[in-house]
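K.L.:
Take these sequences, add in the hints, and give me the full structure.
Heads up: the sequence shown runs through residues -26 to -1, 1 to 401, numbered per mature numbering (1 follows the signal peptide of the UniProt record, and there is no 0).
Mixed in with the good hints there might be a few duds.
Said to hold, decoys possible - Once the Cα atoms are required to be at most 30 Å apart in a straight line, the calculated DSS-like pairs of lysine-lysine come out as:
1) Lys300 / Lys313
2) Lys91 / Lys113
3) Lys85 / Lys125
4) Lys313 / Lys113
5) Lys313 / Lys91
6) Lys7 / Lys125
7) Lys113 / Lys88
8) Lys306 / Lys88
9) Lys113 / Lys315
Read the hints as simulated data drawn from the structure, not as lab findings.
Quick caveat, the model's predicted, so the values are computed rather than measured.
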Amino acid sequence: MLKGKRIAGFMAATALATAMTAPVQAQSIEELKAQLEALSKRIEELEKQQKKTPKVKKADPAFSLGSDDGLFEFNIRGRVLADAGWSSDSDGSMDKDTTELRAARIGVEGKAWKDVKYKFEADFAGNDVEVKDAYMQYKTSMGSWTFGQFKTPNSLEEQESSLNSNFIERAAFTDAFALARMIGIGYGNGGDNWTFNAGVYRGSNDGSVDNEGQVFAARATYGDTFDNGNWMLGASVRFRDVGGDGDLLRYRQRAYLHSADRLLATSRIAEKDTFYGLEGAVQYGSLNLTAEWAGLTAQNGGAGGRDAFFYGGYVEAGWFITGETKPLNLAKGVWNRPKIKAPVHEGGMGGWQIAARFDRIDLTGDGVYGGEQDTLTLGVNWYLNRHTRFLANYSYVNIDKAFDVAANGADGENSADTLGLRFQVDW
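P.N.:
Right under this line is the structure:
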């Protein structure tokens, strides 16, 4: 506004100087009025243009652009996850020493006309560009509607961003049961301590099949607070039908690390399946606890056309020895990232967390021998700040009854040791 006044003063002074130097006879009162009116309109235009200029606002951790009226907002977001991994098994079929750029994402998010939220993010880590989240969300007084590609609402572990997880890899059942992003329409509602989300989907953006089938998924959570902490319970379900195009469903999992081999797997056995999960989480001071159980029924996937039943689950704990807190966001039904008390860039030691998890996945039953896998994982995480951290994980993996995987030998038994390191930064 000050800048606009200076411009106005300069233009007014110029006009007056011009008027004073011209002969009085040549400058009628009408001409002076016309010049002043034109000058006034120009000043109004400049002031309006100045108001429309996007304002740079403070955001965590980067910045955002937004209009003064709050109707529009634009944020640039991204992440880089660099991994190193070592894995070997007792049967001698796997001996790996690898590095990989696990994620290299860049994207935008913001809002338009206040009630419409948008997000687009692509991953450049692989040989091909992969679209991750790509959606628009319209918020109403009765809830929100989401259109595009986004995660199906299943499992606390799957809903939590990998940026906030206690471990490098998610629990085994999330991959084995193919919890993922899909293209669809979703509805969400909630309050300060509860959430409900549901959606219908038609495959993903890769266009790998001619008939994408149908998926319905839903999740609900409820929680409350207590002295120095909070708790949350949740449940979710998913019905999946590939549409009878011959591309049947299969279930498989790696020996913990993404760079390790798949030592657990079934063949393609089902056209339809049903997933159902239960979840619970507690935060008490610097301690966070999570447990989940998930079951899956593969319709006609067993011997003789019987339904095959598989299950998985985990129990994990994380503790900040430097006193930070990883809080539960009850209004969103997920874990939030911790606030680091003494970031390294401010001269502190950062935040240090230790974590442990026991994870089980069972892909056997009803004539299917995909195998049973038990995994014990120990982790140490060093947060330089809220958005930069190092992770180190050691895992011992025990495998039994995995007769459908040749690498496990005739007895279907195997074991593996893995060590994983990750450096991550996001904005």
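K.L.:
Compare the structure with each hint and give your call.
P.N.:
Evaluated hints:
| no. | hint | in the structure |
| --- | --- | --- |
| 1 | Lys300 / Lys313 | holds, 8 Å |
| 2 | Lys91 / Lys113 | holds, 8 Å |
| 3 | Lys85 / Lys125 | holds, 20 Å |
| 4 | Lys313 / Lys113 | holds, 29 Å |
| 5 | Lys313 / Lys91 | holds, 26 Å |
| 6 | Lys7 / Lys125 | violated, 63 Å |
| 7 | Lys113 / Lys88 | holds, 9 Å |
| 8 | Lys306 / Lys88 | holds, 20 Å |
| 9 | Lys113 / Lys315 | violated, 35 Å |
Taken one by one, the earlier hints fail for this structure at numbers 6, 9, listed in ascending order.
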